Each structure stands twice: as C-alpha cells, then as structure tokens.
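Engineer: Here is how the chains run, residue by residue.
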Amino acid sequence: MNTATAEKLETPAAELAIRTQKLDLWYGTFQALFQVDLDIKNGIITSLIGPSGCGKSTFLRSVNRINERLGYVRIEGTIDVFDKNIYDADVELVQLRKQIGMVFQRPNPLPASIRDNILYGHRLHYTGKRLSRSDQDDIVEDALRQVLLWDKVKDRLHRKAIDLSLEEQQKLCIARLLPVQPQILLMDEPCSALDPKGTEAVEELIWELRGKYTILIVTHNMAQARRASEECIFMLMGKVVEHTATEDLFVTPKHQETANYIEGRYG
Amino acid sequence: MEMFSESLLNKKNKRIQSLYRSLFMMMTLLLILPVLVILSTLIYKGGSIISVDFLLTDPINGMTAGGIFPALFGTVWIVTVALIASVPLGVAAAIYLSEYAGDNWFTRAINLAIINLAGVPSIVHALFGVGAFVIFFGFGTSILSASLTLAIMTLPVVIVATKESLEAVPIAFREACWNMGATRWQTIRRVVLPNAVSGILTGVILEVSRTTGETAPIMFTGAAFFLPFLPQSVFDQTMAMSLHLFVVSTQVPNVPDALPYGVALVLIAMVLIMNSISIAFRMHLRGKKKW
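Protein chains in written order, with my numbering: chain A, 1 to 267; chain B, 1 to 291.
For reference, chain A alone in the conformation it holds in the complex:
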C-alpha cells in the first residue's frame, strides 16, 4: 500500500471533491464520454440526469474505477479526486474504493446477516487489534442509525439481510459503506428498484446524509433530482450540456436541450 496516496485521499480539500478534465472514455471502439469537464463540489449532493445511454452511469463508474473490470475500457484525460489523479500509477485501488463507496440500482446485500453486512467493509480495512464485541456493536449501531434503519432492525441484526424489504436492503447497502468513513458516495439509480414509498424513504435518507459525505447520484427520475440534489448535471450523448444549481437547471435552463429533456420531450 502506498501511504502517501492514502494520506492525500484522506484529507479532503475544502472546495472540490471531483474534478475531471477533458475526460474521454471508450468501450472498445465506441466512445461513451466526450471531453467531460466537471467540477463536483465537496460535501453537497450532485445529481446526474440525462436520457438512457448518455454516459451518466459510465461517468459514475469511472470515479471509483470499477469500469476497469471490463478489460476493453480506455480512458484519456484526468479524474482528480481531492486533487489527486486517480489514474496515476501510485494510486492503490483498494484505498480508492474505500474512500469512494458505491450504491447500485438493485440492492446487493451480501448473503449474510445484517450485522455481518455492516461489518464487512470494516473488517476488510481495519488493521488494528481485533475489536471487542461491544465496539463492533457500536459500529453497527452507528451505521444503521445514520441510514435511519436502526429502530427497525435492532432486534434482528442476526437475521439474513436478504429477508429485508428492498427499501431496507438498499439502506443497508448504504450503511455498509459508512464504517470505513468514505469521503464520496456514488449512487447509480439507487431507487429504480423501489416502489414510490421506498423511493421517498431513500431520498429522505440521502438528504439526511447531506454534508457528511459528497454524494453523486445518477437518476432517471427528474423529480428525484429536483428534490434530492443541490447541483445538477445534464448529460446528452456523452457530453455535459449543463451543470448548475438544481433549482436553476429546472427553472431557467440555459440550453435548449436541457429544456427539452426536463419538459419530457425525449428521454
């Protein structure tokens, strides 16, 4: 492990969480991102909207380099996370992913108990002496309280996570990231598998986490972007069209494409 890298990532700069410059991305010969320049502010919720295939998920998946698993992805340009280019040779992937948690469309709790799900990330990264049971309990309680799930599940922490409702599973998947104290949470359409009530609950939670983490959320749901983000990015065909305060983007869009999209003319 490279300690210099770890330190750099662990001390967030005040202003920007993520800055990309001239980011191009190809899947094989297909170019999915074109010259993406984005400055994503630290500590706020930013939403990414746009029609299917516009590159928003691709962008999200570049930020923790999970895209690389597909061997045919090629990137040019830079992605700086807290002023450090994450594609530099001295960046340790394990540290990067510890700092940048990710939540998926479909909740993906591990086939284990609720408690073990929460402790999984902690156990992966914790290097000190084995924690006592009560310390572990504190970690579990703290994470579950942050995602507003504690009161519901505190009496059944040893039950299988898969028995929870989808909404609770998704909250658990968010809670699971928290014990290692990530700086950034990436959410890829976190509510798309949920019913309206579950969606509302998860949105409420995302809003609750505001300020504690930098949150980047991809959504198909414009109402959600409007309700649950402070800044909003509109992407189209692999390019960033507009990036402003959410309020402004929806009320006074500067570009015709943005206006068309938010009025539902395509998507």
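For the record, the hints were derived by calculation from the structure and aren't laboratory data. Do not take every clue at face value.
[Stated by the list, open to error] To give an idea of the interface, some chain A residues facing chain B are shown, with a C-beta separation under 7 Å as derived from the structure:
#1 Val-94
#2 Lys-98
#3 Gly-121
#4 Leu-124
Computed from a predicted structure; not experimentally measured. We put the CB at the ideal spot given by N, CA and C, even for glycine.
Chain A is already provided as a structure; the job is to place chain B on it using the hints.
Structural biologist: Frame of chain A, contents of chain B only:
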C-alpha cells in the same frame, strides 16, 4: 355458444399432443428400466450372500469363498488418496478459471483441454498412469499410482462442478465486495466460496462414486489380483472392489454363482449411497439458499 366449443383442428392437435406425450414418457420409462433390472437381478442372485461376515473377512479357497474385506478396504484407500490429490488441484484450477482468468485464447484453450480430458477413454488413462507414475516417477504398481491415475481422470468432474457452482454465485455479490475495496481473494474467501461450497461438495461426491467403480485405470497401476494381506502404505498394492468383481466373474474357476453378484451388489450399493448422499446434501443446501 359455439365460440368456445372444440373444433376439428383442436381435436387433431390434441391427438398429436397426447401421442408425443406418451412417446416421451415411454422413453423415460425405458431409461430407468435397465437400472431396475440390474438392481433386482443383483439383489435376487447376490442378496443371499451379503452378511457382515462377507464384508469383513478375507476371500478364501482361491477366492471361491469367504468375504471381500481386502477389496473393500483397498477401494476406500484408493478413493481417499485420489480425492486428496484431485480435489485441491481441481478446486484451485476452477477458482482460477472462473474468478481470475480473463476471456482470452489461453483460457479458452484450457477449457477445451478440460473437456477433452473428460473424453479420454479410461484405458488410455491407465496406460498413461503406467508410463508416468509406475515407471517414470518410480512409484511402482501401488495405491499411489492407481490413485493419481484416477485423480487425473476425474479432475474434469471436479473442475466443471466447481466452476459451475462458482459461476452460480451472483455477480452482484462480487461487485458489492470489490466496490468496498475487497481484493479478489478476499471476495472469493469470504463471499464466493462459502456460497459455492454445496456445488463443490456435490462434484466431489460424484467424483467419489465414479472413482469407486473404475477398473481399467487401476488394474495396471495398483490393483492386485489377489492379496491375502492389507496394504501398509500408499506404496503397496491392494485389492479393489471393481477389479475383484472382474476377477471372480471371469478369471477364477468354480466360483459359486452368488459370489460375483454379491460383490457387484456391494459395489453398486457403495456408488448409489454416495450419489444419494450427494443429492440429499445438495437439496439441503439449496433449500437454505435464497437470493
């Protein structure tokens, strides 16, 4: 109302449908018929000879009487050593192939080789075993040579079963781990393997039942015609059930009728018991799984 009543076309289609249904059902019955015939013949002709004594005493009078203990004991030895050799190798190879290897010509070549290995006739394996283990490595005709030959022969079973059960673990679990910064190995160790273990064990038990019955690969490499004493180490020869059955049914004069049937019955019982355990075990573990 005419609207919902049966037309001529309906009638014809129904007739054809029931024809095919009975055809396929007959094929299925035909399939299990041999098994039933074999089992009932064995029980009818060999059942009378089966006793605790039969299982636990040595053959006597030039193998025309007595029990089968050395052969039973030898088969357990051979199977155990074969498992010790092939399971770690096969499971490790399967983990590499399904969790680490990329999709390139090299991986595809290995997969092809495994499929072909499964198709090699057992007598060819036997001759390979003689050349490699008995002569080249100098293990002589011994349990070790026989077991290693069997191990190589049954490796594809273990590899394929393990690979299938690893691939049945949803990719979402792996993604969840990788995204929390788990290495591949941490992911395999904590999440993939625990969930694949039922499938792997099923493969292992299948391998056991196959290994138990094989004759050709062991008759040149380690199994003896007749040995009145038990093997002391893996470098000794041993009797084995499958070869013993061959010997008492074709090589020895004046064997009472019931003896070969009895040996066959014990052998087939060993295999069937193994298979049933495998099936029961798989059902038990599958029932617990939920995703």
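Engineer: Taking the least C-beta to C-beta distance, is Val-94/A closer than 7 Å to chain B?
Structural biologist: holds (4 Å)
Engineer: Per the CB criterion, is Lys-98/A less than 7 Å away from chain B?
Structural biologist: Lys-98/A check passes; min Cβ-Cβ to chain B is 4 Å, inside 7 Å.
Engineer: Are Leu-124/A and chain B close enough, Cβ to Cβ, to be under 7 Å, as the hint says?
Structural biologist: Where the cut-off is 7 Å and the nearest Cβ of chain B is about 5 Å from Leu-124/A, the hint holds.
Engineer: Given a cut of 7 Å on the nearest C-beta pair, is the interface hint for Gly-121/A held or broken against chain B?
Structural biologist: This interface hint holds because 4 Å falls under the 7 Å limit.
Every hint, counting from the list given before, is met by this structure.
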